[in-house]
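Going down the list, the sequences are from chains A and B.
With our numbering, the residue at position 89 of the first sequence is 89, and numbering never jumps.
With our numbering, the residue at position 73 of the second sequence is 73, and numbering never jumps.
Please note that the accuracy of each hint is not assured.
Some chain B residues judged to face chain A by a derived CB distance under 8 Å, without partners named [said to hold, decoys possible]:
1. 40
2. 41
3. 43
4. 45
5. 48
6. 56
7. 74
8. 91
9. 102
10. 104
11. 107
12. 108
13. 109
Simulated from the structure, these hints should not be mistaken for laboratory data.
Built from N, CA and C at the ideal position, the CB exists for glycine as well.
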Amino acid sequence: SQQGEEDPQALSIQEGENATMNCSYKTSINNLQWYRQNSGRGLVHLILIRSNEREKHSGRLRVTLDTSKKSSSLLITASRAADTASYFCATDAGDYKLSFGAGTTVTVRA
Amino acid sequence: DTGVSQDPRHKITKRGQNVTFRCDPISEHNRLYWYRQTLGQGPEFLTYFQNEAQLEKSRLLSDRFSAERPKGSFSTLEIQRTEQGDSAMYLCASSYPPVGQETQYFGPGTRLLVL
Chain A
1 SQQGEEDPQA LSIQEGENAT MNCSYKTSIN NLQWYRQNSG RGLVHLILIR
51 SNEREKHSGR LRVTLDTSKK SSSLLITASR AADTASYFCA TDAGDYKLSF
101 GAGTTVTVRA
Chain B
1 DTGVSQDPRH KITKRGQNVT FRCDPISEHN RLYWYRQTLG QGPEFLTYFQ
51 NEAQLEKSRL LSDRFSAERP KGSFSTLEIQ RTEQGDSAMY LCASSYPPVG
101 QETQYFGPGT RLLVL
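Working from the sequences, and respecting the hints, build out all of it.
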């Protein structure tokens with residue numbers, strides 16, 4: 001079973017706009033990770049945020065974590081066509097197994 | 001460091017046949033994980049190894065599935081008597097987890113189609 005749920009399921013934006021997607025989960029976590037997957041390919045790790053952190057930045061990515069609400073958000077600023085992909089959140093409850101959501105499909109229009 | 005590699009990248013087989021996939025983790029990564037991903041879904045955990053020891057297996061891993069990591073380096077995942085429901089992407093990941101380095105690095109996956 002999958003712990004995380006991403007919202008929205010799909011997102012279409014214009015190049016240069018920001019994209020925000022959310023992830024909710026059900027049980028306590030050690031950390032939460034965001035991954036990107038281009039069509040039919042493997043997963044690329046984007047960012048890891050620990051349960052005692054509230055916000056983290058990496059380049060054009062900003063991740064927030066609210067453990068009281070069991071939710072996280074991923075913001076991609078100034079989107080590019082190359083950002084077109086599926087984005088997954090994955091939770092680690094401390095047992096090293098990642099539990100993924102079904103993902104958000106992002107399409108960036110030129 | 002060439003990243004996690006998987007072989008083959010694609011496999012088409014007939015129902016009832018056995019298939020075996022290989023995963024080579026990033027060198028010095030002592031943890032290795034297998035996940036399965038069906039169309040439109042996120043990956044689901046199957047099993048993981050620390051060195052050569054298989055430490056956990058998901059309920060998804062029926063007795064037709066077996067995974068090995070004989071020398072603590074590469075791993076194989078075998079599916080016996082394949083069924084159409086086994087069609088999926090099989091992903092391998094590795095990590096080197098002192099605290100602070102829990103990131104799992106994924107390979108490109110093996111896409112299996114069972115006819």
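Grab the minimum C-beta distance from residue 40 of chain B to chain A and call the hint holds if it beats 8 Å, violated otherwise.
holds (7 Å)
Residue 104 of chain B as an interface hint toward chain A, with CB separation required under 8 Å:
This interface hint holds because 6 Å falls under the 8 Å limit.
Let's test the interface hint: is any C-beta of chain A closer than 8 Å to that of residue 74 of chain B?
violated (17 Å)
Does residue 102 of chain B meet its interface restraint, that is, does its C-beta lie within less than 8 Å of any C-beta in chain A?
Hint holds; residue 102 of chain B Cβ to chain A Cβ min 6 Å, cut 8 Å.
Evaluation of the interface hint that places residue 56 of chain B against chain A, nearest CB under 8 Å:
holds (7 Å)
Using Cβ atoms only, decide whether residue 45 of chain B comes closer than 8 Å to chain A, and label the hint accordingly.
Check passed: Cβ of residue 45 of chain B comes within 4 Å of chain A, closer than 8 Å.
Does the nearest C-beta of chain A fall within a distance shorter than 8 Å of the C-beta of residue 108 of chain B?
Because about 4 Å separates residue 108 of chain B from the closest Cβ in chain A, which is inside the 8 Å limit, the hint holds.
Are residue 91 of chain B and chain A close enough, Cβ to Cβ, to be under 8 Å, as the hint says?
Interface hint status for residue 91 of chain B: holds (6 Å vs cutoff 8 Å).
Holds or violated: is there a CB of chain A closer than 8 Å to the CB of residue 43 of chain B?
Result: holds, 5 Å to nearest chain A Cβ.
Let me know if the C-beta of residue 109 of chain B comes in closer than 8 Å to any C-beta of chain A, holds or violated.
holds (5 Å)
Interface hint check: residue 48 of chain B, Cβ to nearest Cβ on chain A, cutoff 8 Å. Holds or violated?
With Cβ-Cβ at 6 Å, under 8 Å, it holds.
Taking 8 Å as the limit, does the beta-carbon of residue 107 of chain B come near enough to a beta-carbon in chain A?
Holds, because the Cβ-Cβ distance from residue 107 of chain B to chain A comes to roughly 5 Å (cut-off 8 Å).
Checked against the numbered hints above, the structure violates only hint 7.
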